[in-house]
Every structure is written in C-alpha cells, then in structure tokens.
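Residue strings, one per chain:
There are 2 protein chains.
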Amino acid sequence: MTAKSGLSRRGLLGLAGAGVVGAGAGFAIDRFVVPADATGSAPSTIYPFHGEHQAGVTTAAQDRLHFAAYDVSDISRAELVSLLKDWSAAAARMTAGRPVGDGAIDGQKDAPPDDTGEALDLPPAGLTITFGFGPSLFDHRFGLEDKRPAALIDLPHFPGDALIDELVGGDLCIQACSDDPQVAFHAIRTLSRIAFGRASIRWSQLGFGRTSSTTRAQVTPRNLFGFKDGTANVKAEDTARVTDHVWVPRGDSAAWMTGGSYLVSRKIRMTIETWDRTALREQERVIGRSKGEGAPLSGGSEFTEPDFAKLGHGAVAIDAGAHVRLSHPKQNDGALLLRRGYNFVDGNDDLGRLNAGLFFIAFQRDPRTQFVPIQLRLAKNDQMNEYIRHVGSGIFAVPPGAAVGGYVGQTLFG
Amino acid sequence: MTAKSGLSRRGLLGLAGAGVVGAGAGFAIDRFVVPADATGSAPSTIYPFHGEHQAGVTTAAQDRLHFAAYDVSDISRAELVSLLKDWSAAAARMTAGRPVGDGAIDGQKDAPPDDTGEALDLPPAGLTITFGFGPSLFDHRFGLEDKRPAALIDLPHFPGDALIDELVGGDLCIQACSDDPQVAFHAIRTLSRIAFGRASIRWSQLGFGRTSSTTRAQVTPRNLFGFKDGTANVKAEDTARVTDHVWVPRGDSAAWMTGGSYLVSRKIRMTIETWDRTALREQERVIGRSKGEGAPLSGGSEFTEPDFAKLGHGAVAIDAGAHVRLSHPKQNDGALLLRRGYNFVDGNDDLGRLNAGLFFIAFQRDPRTQFVPIQLRLAKNDQMNEYIRHVGSGIFAVPPGAAVGGYVGQTLFG
Numbered sequence: 000m001t002a003k004s005g006l007s008r009r010g011l012l013g014l015a016g017a018g019v020v021g022a023g024a025g026f027a028i029d030r031f032v033v034p035a036d037a038t039g040s041a042p043s044t045i046y047p048f049h050g051e052h053q054a055g056v057t058t059a060a061q062d063r064l065h066f067a068a069y070d071v072s073d074i075s076r077a078e079l080v081s082l083l084k085d086w087s088a089a090a091a092r093m094t095a096g097r098p099v100g101d102g103a104i105d106g107q108k109d110a111p112p113d114d115t116g117e118a119l120d121l122p123p124a125g126l127t128i129t130f131g132f133g134p135s136l137f138d139h140r141f142g143l144e145d146k147r148p149a150a151l152i153d154l155p156h157f158p159g160d161a162l163i164d165e166l167v168g169g170d171l172c173i174q175a176c177s178d179d180p181q182v183a184f185h186a187i188r189t190l191s192r193i194a195f196g197r198a199s200i201r202w203s204q205l206g207f208g209r210t211s212s213t214t215r216a217q218v219t220p221r222n223l224f225g226f227k228d229g230t231a232n233v234k235a236e237d238t239a240r241v242t243d244h245v246w247v248p249r250g251d252s253a254a255w256m257t258g259g260s261y262l263v264s265r266k267i268r269m270t271i272e273t274w275d276r277t278a279l280r281e282q283e284r285v286i287g288r289s290k291g292e293g294a295p296l297s298g299g300s301e302f303t304e305p306d307f308a309k310l311g312h313g314a315v316a317i318d319a320g321a322h323v324r325l326s327h328p329k330q331n332d333g334a335l336l337l338r339r340g341y342n343f344v345d346g347n348d349d350l351g352r353l354n355a356g357l358f359f360i361a362f363q364r365d366p367r368t369q370f371v372p373i374q375l376r377l378a379k380n381d382q383m384n385e386y387i388r389h390v391g392s393g394i395f396a397v398p399p400g401a402a403v404g405g406y407v408g409q410t411l412f413g
Numbered sequence: 000m001t002a003k004s005g006l007s008r009r010g011l012l013g014l015a016g017a018g019v020v021g022a023g024a025g026f027a028i029d030r031f032v033v034p035a036d037a038t039g040s041a042p043s044t045i046y047p048f049h050g051e052h053q054a055g056v057t058t059a060a061q062d063r064l065h066f067a068a069y070d071v072s073d074i075s076r077a078e079l080v081s082l083l084k085d086w087s088a089a090a091a092r093m094t095a096g097r098p099v100g101d102g103a104i105d106g107q108k109d110a111p112p113d114d115t116g117e118a119l120d121l122p123p124a125g126l127t128i129t130f131g132f133g134p135s136l137f138d139h140r141f142g143l144e145d146k147r148p149a150a151l152i153d154l155p156h157f158p159g160d161a162l163i164d165e166l167v168g169g170d171l172c173i174q175a176c177s178d179d180p181q182v183a184f185h186a187i188r189t190l191s192r193i194a195f196g197r198a199s200i201r202w203s204q205l206g207f208g209r210t211s212s213t214t215r216a217q218v219t220p221r222n223l224f225g226f227k228d229g230t231a232n233v234k235a236e237d238t239a240r241v242t243d244h245v246w247v248p249r250g251d252s253a254a255w256m257t258g259g260s261y262l263v264s265r266k267i268r269m270t271i272e273t274w275d276r277t278a279l280r281e282q283e284r285v286i287g288r289s290k291g292e293g294a295p296l297s298g299g300s301e302f303t304e305p306d307f308a309k310l311g312h313g314a315v316a317i318d319a320g321a322h323v324r325l326s327h328p329k330q331n332d333g334a335l336l337l338r339r340g341y342n343f344v345d346g347n348d349d350l351g352r353l354n355a356g357l358f359f360i361a362f363q364r365d366p367r368t369q370f371v372p373i374q375l376r377l378a379k380n381d382q383m384n385e386y387i388r389h390v391g392s393g394i395f396a397v398p399p400g401a402a403v404g405g406y407v408g409q410t411l412f413g
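First to last, the sequence lines map onto chains E and V. The first sequence runs 0 to 413 under numbering that gives the first Met the number 0. The second sequence runs 0 to 413 under numbering that gives the first Met the number 0.
FYI, nobody ran anything at the bench for these hints, they're computed from the structure. Hints are not guaranteed to be accurate.
Stated by the list, open to error - DSSO-like cross-link-like pairs, simulated, lysine-lysine; straight-line CA separation at most 30 Å: (1) K234(V) x K309(V); (2) K309(E) x K108(V); (3) K309(V) x K108(E); (4) K108(E) x K234(E); (5) K84(V) x K146(V); (6) K108(V) x K379(E); (7) K329(E) x K309(E); (8) K309(V) x K329(V); (9) K379(V) x K234(V); (10) K309(E) x K379(E); (11) K234(E) x K329(E); (12) K329(E) x K379(V); (13) K146(E) x K84(E); (14) K329(V) x K379(V); (15) K84(E) x K108(E); (16) K234(E) x K309(E); (17) K108(V) x K108(E); (18) K84(V) x K108(E).
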C-alpha cells in the first residue's frame, strides 16, 4: 500500500496500521484521530472495529447513515457463518480506513479489483459498521430456533401503523455511519458485494443530519420539523444509564447476547407540507417545547427538566398529548432508549411532495420494556401522529463486538 | 436576530449582516469565510447571491446537492414574476446563512413560522442557489414565445436513452449546493414552500461526493465506478476557458441571457453490480485511465495529456471506444463543458440492487455545439454504455445573476 499506487486512503500513511494494532491491543482504546495531512485534509477519526461492544451504538453519532436490511439466500449454516466472517474481516479493514482485499489493485488486471475504489482517496471519516440479526434468522434454516432471544420479539402492530411490506423486516442488518456519505456508501456497497449469492438487500435507507446527540460534546441537532431532537437522549457519558438501559447484561437468558443490544428502526415519514402550514403555537403544543430554544413549555431552557404538573393559561403548560410528555421516562416507568436516528429525504412523491422524515434508530437492552411500551403510548395519544406516518420497521439483535481474530456473531455460532 | 432567541445561525453573529452588505458592495467579492466560533464550529463559507453571474456555476463544487425541477401551475405572467422575486429574496437570505422571513419566530405564535427551522443552528456551509428556465416555460402561458433562446433546444433522443418521463424536463429548476446536506435540503424545502400554489416539484435529486473539481485547489474526486472523475474539467481559474465555453457573451441573439449559461442534467444510473464483477483490465479499457492513479493508459500521471496515437500491445493504448477519448475536446472540435455532477444513491431497487449512479450536471455557452455533439458521440460509441443507463434529463437556461434589489430572471421579464 503506497501512495504511488493510488491505493492509500488519504492521510493514512502508516496510521492505518497503527489503528489496527491499537484495536488489537485491547478494548480500552475507543478511537484514534488521524491528524490533518499535507494535502489539507481535515482531521479524521478511526473507531476500532473489535471490542467488547460493537461500535456504532454509544459512538458519538456521525453525520451520515447508510442502513441496509438483508434477506439471506438459500444457504447452509456454514455458509452463513462464512458470510459473517467475511463481513467482519472487511468491516475491520474499512473502519480502519483501508481498502478491502489485499489492496493490490494495480497488480491483478484479470480479476475485478478487490476494492471498488470510490473511497480510496477519502479519510476513514469515523466509519462504524454495526451488524444485527432479525427474528426471521432464527428458524430451522440455520438450526437457530432455540437461540432466539426472548427479547427479540416480533414487534406488535401499533395503532396508526402504515407499514409498507418492502420496508419491513430482514434477516440481517448493517448500520454504516460515517462523517462522509461516500465512505458509508462504500461500506454498504462492499458488504453487499461480498454477500453476493448469500444475501441481498431487502430495503435500505440513507440519512443525514443525525437527529440525536449521543455525547454531551455534541450540539443538539434539529429534525425536519425544525425542532431540536434528542435533548433528553441517553448520552455515552452516562455510563450508569448505558449499562442499565443499553447493553444486555451477564446472566441474560440469551447468554450469547451479553454485551450486545437490540436495535429498533422505524422509517417515519413526515407530512412536511402540512406541518409547514401549521401555526407555531400548534407546532410547539404538539412537541411540548419551544421551537427556537427547545425549552420545555413549562419554562426554563433546553436542558431544564419538563414540569408536567405546571399550569399555564388554566391548563397544564405541557399538553397531555405532547410528544415530550408521552415519551418522557417519567411517563414510561423509567424506560429509556439510546436514540441514534437520522433525517432522510428520498426525493419527492408523485404529487410533488417531499418524501422526507426521520429514520428512527434506538438501542436498548430489552424492547419489551423499552421501545414497545413507549411506542404504544405514543401511537395512541401523541399529537404528533397527525403529522407523521410510520412506513418502515425493523428489529434486530445486535450481538457483542468481535474479538481480534473473531467475527461478529461468534457467540451465537461459535 | 439574537442568540437568545435561538434563531441566529451558528457562527453568524454580525457576520451575516456583513455578508449581505459585502454582496451589495460589488461583484468583485466572491466569498466570505465565517471563522470558527466559540462553540467549536468549523469555518464556513458564504457565497454572495447577487452578482454578474449566478453562483453555483464556477463556484468551487460543494460536497452536497439537492436539485429540483418544477412545473409551474396555471398562473399569470405577473404571478410568475412574483414567484421569481420571492425566490430571489429568500435565496439571498439563505445563502447569507440567515433564516427566511423576518426571523421573529418566537413572536408570531398564530401563524406558521416564516422559517421551517431545520437549519437554524447550522453554518451557511457554502450554500449556493442557482435558478434555471426550461424550454417549456417559453410558451403562450407567459407570452415568452419570442424570448426562447435558440440555444435552449429540446434535447434530441440519444441512442440508448432509457428516459423515464417523470424524471425529464421541468419549467423551472433550482440547483442547491452546500457542504451540509441539511442546508441544501432546507433551501429546496423553503423554496418549494414559497412556491406553493404557483409551482410544484416535478422531480428532484440528492447527491453527494461531487464528481468533478471546479477549481485547482480541489482533489479530483471519484465517481461510483471508483475512478477519478473530472481530471480534465474546466476549472474556475481557467478564465479564458470559462469566458469562451461557459458564459453567454454579449451580442448573443438572446440578449437577456448575457452573463448566463445553459445547464444540462442527466441522471445516469450505473449498473454497479455488473461493473463490480468486471476485471480491472476491462474497467480501465472502458475508461481509458488507470483506476488507482487516474493516469491515461498512454502513460504518465493523472494530469498528463492522453496520447491517443500511442500504441501498446499492437493497438492504440487508449481504445477507440474509451470514455476519455470520446469525451476529449480533441475529438469534439474543442468543445468543453464545465461539469458539476454528483454521485447519487436512491436506495435499492426491488431486486436488491443499489439504485446508484451519477447525476451529471454541465454548464456551457451553447448546448448545440457542446453537450449535444459530445453526448451523441458517447451515446454511439462509448464502451461505458454497457454499464450505464440515462434515465433522467433536463436542459435549462440559467440567466445572469441578480443585482442587489433585483431578481433572477429580471433581464427576461423586466
């Protein structure tokens, strides 16, 4: 891998190797920063692929998402394990900013290049690749009927669901996040290519402008309703909350999931044009926060705790059906989610309306006591329902991270 | 507009005003840099909206695109002029990093907010907004039959075209480019909202990872074939080339287009999966350049001029049907284009294949002698045709820039 061959990822001379060695050295190192180089590239981040947990959960939310759900083809259990090994090896290289394969593009003229090339000159850009297993994987095809975790439920039908079959489910999923959309795309393209004949994309989603902060260092971003989103999210620094609400603990009935988590995705289309014709008072009433500052309508500033009892104008300041009230842990027996969603825009529909909204992603220890009751409450009573439509849905068991030399899913198959 | 109201665009305190004043001061100032601020935001760029030419043509290509083509509703000429005035006013504010309207969100609770809000905390991020007029605008509805420029032709059918009606044409177009996708989206959403009842989106396209450099300061990016794209592009620094090939000169038969340009867009889907199974030798033969370095197959490095006569292995080193040969000015009577395309990924198709490719945008003085003959030659002979399909198409007259106090299109309607 030399600069001359054009195969070095920019800014990585020497450092990619360092990143890989570092990842192997232990779980304590959770990121490397590749400094700005002589070509003027900005500093870039490497998150090691190997570790106790998969990266891409508590990792500071990157700016771009490419998510794909896959159907597994008619293959054997051994072939499925091979796929997971191949995926893990490729993911370890790509997250370190290295091309897949042996990188010797210019030497093998008679075969397709190992690496498709579109990320060759790009920095690692904080790429994380997170794998998950859907409920449908745990069937007789792979002899996994007994290994399905109780927490990996089939999601119930929620009131108002407008799910489109083609946007639901999947045997496997991959969440690729990066600060560069071309790096995230390269990951999904490469992993789809590796899966050729073994698994194929069922549905996929691109996203941008993360809709939740996952660390205190991040400014709260805004969703496409124009409101700050994720103010009360679980943050990586809240180690007790992360331990209690995100990771599957030792002693769980599905022992292979220890250190893993459960991912729920929902594609939520917003009826942008209707929202944009709605008075500010109504928008704020629906959310329960002010639009500019993001302060709860009970007063204070963005990070002031909402006071749900407080009165204003003869009624509670924060409506009974306000989104902030219904989704708050106080109203949900303390249930919390680590949200990691993204805005999406899929062009326009045939009426010229923007096909846009929020691709919701949440991580949790157990969807039965976290996502499901929260979403049931929201689906029944949230004033926001007038302006949104849930069109896609997925639930996936996200196994623990791979050890160096291992692969994601080894605790299940190994 | 104060920080307290939450309405100041981050990093813009005071500077947005300076930008607007600067833009008014003359055409010589072509950009402002907003320095990094105390919140840790990166430096950001403002390109003034007003000027001799519209921004977004020779402007250093930003990283993200949101493009939309519009059909005009059944409105009068006066209403169309009002729309263009409203669009120009909003574009001037947004490109300066300011919210649209009076910015007083928190004061007008009984009306929808003037600004939809999702870009409130974001920097100006180099936003440019470029307006164009399609051939269909020049009809009896608006009394423009006599004003249609001869250069604004209906594009001919090219061999192999697989155009989808819903992705072709449009009375008006807007190209929004920014280094932040949320800022580009905010522009298209806001302008679509302003157009409500007067024009609606016919088709739209998001893009990322610009596929052409437009200044020498930019590294040549790669398209989704994994090859560098735009090595031989017209660069902003080549003032003679820009003058000769991009801008409509004084004395043109359509005098209102002086200082304008013509935009041709083509949505080019790549059959990614087929390409990825093709040997490197074939990939390089198709393009006529090496994949790693981007050097012409006749030898040298990226910026070496291709030697089309040079022999290798008993034949010409660069194939007769190689893309680099057929698109080269030497093979096209010196015709050049300023390309400003973007990669796109629209999820996947129902066979699980990535719906991805290149959204080609080119600016030129006259499509009759530039895009059309080049594309005819490519459509007939380009070896690349086996791996691509043109599915969308547009041609638009891009009028000169607006003066301060004026609007884009004033030379046509004024």
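Evaluation of the provided hints:
1. K234(V) x K309(V): Distance of about 27 Å is within 30 Å: holds.
2. K309(E) x K108(V): holds (20 Å)
3. K309(V) x K108(E): holds (20 Å)
4. K108(E) x K234(E): Violated, at about 48 Å.
5. K84(V) x K146(V): At roughly 19 Å apart (the allowed maximum being 30 Å), K146(V) and K84(V) satisfy the hint.
6. K108(V) x K379(E): holds (27 Å)
7. K329(E) x K309(E): It holds: about 15 Å lies between the C-alpha atoms, which stays within 30 Å.
8. K309(V) x K329(V): At roughly 15 Å apart (the allowed maximum being 30 Å), K329(V) and K309(V) satisfy the hint.
9. K379(V) x K234(V): holds (28 Å)
10. K309(E) x K379(E): holds (23 Å)
11. K234(E) x K329(E): At roughly 18 Å apart (the allowed maximum being 30 Å), K329(E) and K234(E) satisfy the hint.
12. K329(E) x K379(V): The hint is violated at about 67 Å.
13. K146(E) x K84(E): Distance ~19 Å between K146(E) and K84(E) Cα, so the pair holds.
14. K329(V) x K379(V): Holds, at roughly 17 Å.
15. K84(E) x K108(E): With Cα atoms ~26 Å apart, K84(E) and K108(E) stay inside 30 Å; holds.
16. K234(E) x K309(E): holds (27 Å)
17. K108(V) x K108(E): Given pair K108(V), K108(E) is violated - Cα atoms ~65 Å apart, limit 30 Å.
18. K84(V) x K108(E): violated (56 Å)
The structure does not agree with the numbered hints 4, 12, 17, 18 stated previously, though it agrees with the rest.
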